[in-house]
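*Asks:* Sequence:
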Amino acid sequence: MTYNTALKARFDYLTKTPIPRLITSLAIPTIISMMVTNLYNMADTFFVGRISTQATAAVGVVLSLMYFIQSVGFFCGHGSGNYVSRKLGAGEIQEAQEMASTGFALAFILGTIILVVGFANLESLSIMLGATETIINDTQNYMRIILFGTPFMTSQIVINNQLRFQGSAVYAMVGLVSGAVLNIFLDPLLIFVFNMGVTGAAVATIASQIVSFIILLIGSTKGANIRIHFHDIRLNSHYLLQIVNGGAPSLSRNGLTSVAGIILNHTAGTIGGDAAIAGMSVVNRVMLFANSALIGFGQGFQPVCSYNYGAKLYARVKDGYKFCVRYGTIFLSILALFSIIYSEEIVYFFRDDPEVIVIGSAALRWQMLTLPLNAMFMISNMLLQSIGKGVRATIIASMRSGIFFIPAIMILSRLYGIFGVEIAQSCADVLSFIAALPITLSVWRKMN
Numbered sequence: 000m001t002y003n004t005a006l007k008a009r010f011d012y013l014t015k016t017p018i019p020r021l022i023t024s025l026a027i028p029t030i031i032s033m034m035v036t037n038l039y040n041m042a043d044t045f046f047v048g049r050i051s052t053q054a055t056a057a058v059g060v061v062l063s064l065m066y067f068i069q070s071v072g073f074f075c076g077h078g079s080g081n082y083v084s085r086k087l088g089a090g091e092i093q094e095a096q097e098m099a100s101t102g103f104a105l106a107f108i109l110g111t112i113i114l115v116v117g118f119a120n121l122e123s124l125s126i127m128l129g130a131t132e133t134i135i136n137d138t139q140n141y142m143r144i145i146l147f148g149t150p151f152m153t154s155q156i157v158i159n160n161q162l163r164f165q166g167s168a169v170y171a172m173v174g175l176v177s178g179a180v181l182n183i184f185l186d187p188l189l190i191f192v193f194n195m196g197v198t199g200a201a202v203a204t205i206a207s208q209i210v211s212f213i214i215l216l217i218g219s220t221k222g223a224n225i226r227i228h229f230h231d232i233r234l235n236s237h238y239l240l241q242i243v244n245g246g247a248p249s250l251s252r253n254g255l256t257s258v259a260g261i262i263l264n265h266t267a268g269t270i271g272g273d274a275a276i277a278g279m280s281v282v283n284r285v286m287l288f289a290n291s292a293l294i295g296f297g298q299g300f301q302p303v304c305s306y307n308y309g310a311k312l313y314a315r316v317k318d319g320y321k322f323c324v325r326y327g328t329i330f331l332s333i334l335a336l337f338s339i340i341y342s343e344e345i346v347y348f349f350r351d352d353p354e355v356i357v358i359g360s361a362a363l364r365w366q367m368l369t370l371p372l373n374a375m376f377m378i379s380n381m382l383l384q385s386i387g388k389g390v391r392a393t394i395i396a397s398m399r400s401g402i403f404f405i406p407a408i409m410i411l412s413r414l415y416g417i418f419g420v421e422i423a424q425s426c427a428d429v430l431s432f433i434a435a436l437p438i439t440l441s442v443w444r445k446m447n
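Reminder that position 66 of the sequence shown reads as 65 in numbering that gives the first Met the number 0, one-by-one numbering, no gaps.
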């Protein structure tokens with residue numbers, strides 16, 4: 000099959016396959032990718048939790064930096080991937096090729112800048128992220144290795160998202176899952192057998208990211224996938240503005256999650272010490288895993304959305320949105336019920352410190368109560384981002400971890416202490432759900 004024939008076959012597949020079957024076929028690999036990826040993030044917390052409460056807290060502090068690194072990768076990946084998919088849907092292949100190469104190059108450059116700045120300010124950055132005197136050494140040891148792999152982390156996120164937006168979810172899955180399996184194998188080996196402690200956990204994470212990067216880069220040269228070439232890089236205003244428009248929601252969402260994590264660490268540490276930081280760190284990891292299936296489901300919807308929007312098949316876009324919200328809500332409701340019932344056992348699995356269990360299980364129950372609302376909220380954000388409504392998508396993306404969460408945790412922690420910390424995210428989730436409804440409906444009516 001020639002390259003052009005493969006492109007035509009993909010166009011027919013994305014624009015003519017029945018919506019439930021199409022989204023399901025694209026979502027299954029992305030759900031597996033997201034859940035396995037978050038599983039190896041949880042593996043760090045699990046194995047480090049066997050060391051000490053302080054080590055668990057240190058990894059939780061660096062999680063805020065990793066959120067920021069990921070936000071840069073998703074900024075370039077979603078910004079370029081959305082554009083690539085819409086151009087492929089419109090049959091404009093050359094622009095799609097130039098955007099793919101430009102998004103990759105920008106991510107690698109920004110990742111290198113983060114590496115250099117981070118190394119130059121390692122101690123001050125650790126303190127800013129919320130490290131206390133008792134965990135600052137572990138924090139720096141873990142962070143130093145994570146920073147080294149930053150350019151590979153940002154770049155592999157870009158390739159993964161570009162493959163997804165082209166409908167190559169299986170290639171994207173193979174790259175991520177390969178790295179995840181390696182990380183889960185290396186964690187106990189480096190932490191306990193080679194006695195490297197938190198440094199070993201960081202080395203395992205970065206090694207897995209580099210392996211994923213290599214596999215995904217190879218995958219981008221297969222089949223009908225757009226190739227990344229240096230001669231196609233165009234760091235000009237046109238492509239950079241398109242990346243900003245499509246990627247700003249992701250930068251806002253993940254960047255504010257990083258800021259929220261820093262505020263959470265400082266607030267929890269001031270009120271409850273290392274145990275509070277560790278407890279909330281465990282909850283954050285569990286919530287990431289809980290949301291990963293929904294995000295994977297939504298990522299199966301995104302290429303369908305942007306491709307069909309580019310082809311002006313608006314009815315298919317709307318059908319896909321309704322399908323994802325309906326089944327996403329059902330899934331999250333079942334998961335929330337299970338987690339509420341077994342909240343103490345879940346936190347105990349990561350750290351058998353009684354104080355950590357008390358704080359973590361209470362926070363987990365509150366956050367699970369509002370988890371089902373995330374289906375509509377997240378799929379709405381993905382819809383707006385995929386069809387190029389960057390401003391509206393950015394506003395929605397800023398709500399859950401920024402516009403509503405930051406005031407909530409600052410006010411509620413002052414009023415109710417550690418209980419205020421535990422309920423802040425749930426309050427932000429309810430307000431985000433209510434505020435996202437009219438924004439989504441305004442765009443929905445225009446697609447009639």
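Simulated from the structure, these hints should not be mistaken for lab results. One or more of the hints may lead you astray.
[What the hints assert, rightly or not] Using 30 Å as the maximum straight-line C-alpha spacing, the simulated BS3-like pairs for lysine-lysine come out as follows:
#1 K321 x K311
#2 K445 x K221
#3 K445 x K317
#4 K311 x K445
#5 K311 x K221
#6 K15 x K317
#7 K321 x K15
[Claimed, not checked] Pair by pair, the computed Cβ-Cβ distance ranges are:
#8 P353 x P19: 20 to 30 Å
#9 V115 x N235: 36 to 46 Å
#10 I92 x R413: 54 to 64 Å
#11 R226 x P353: 29 to 39 Å
#12 D351 x D11: 18 to 28 Å
#13 F337 x M127: 31 to 41 Å
#14 M127 x R413: 19 to 29 Å
#15 E91 x L440: 25 to 35 Å
#16 E344 x I108: 30 to 40 Å
#17 D11 x F118: 43 to 53 Å
#18 A5 x I333: 55 to 65 Å
#19 L216 x G90: 48 to 58 Å
#20 F193 x I340: 19 to 29 Å
#21 I329 x K221: 48 to 58 Å
Every residue, glycine too, gets a C-beta built ideally from N, C-alpha and C.
*Asks:* Would you list, in rising numerical order, the hints stated earlier that this structure does not obey?
*Replies:* Violated hints: 2, 8, 9, 11, 12, 16, 18, 19, 20, 21; rest satisfied.
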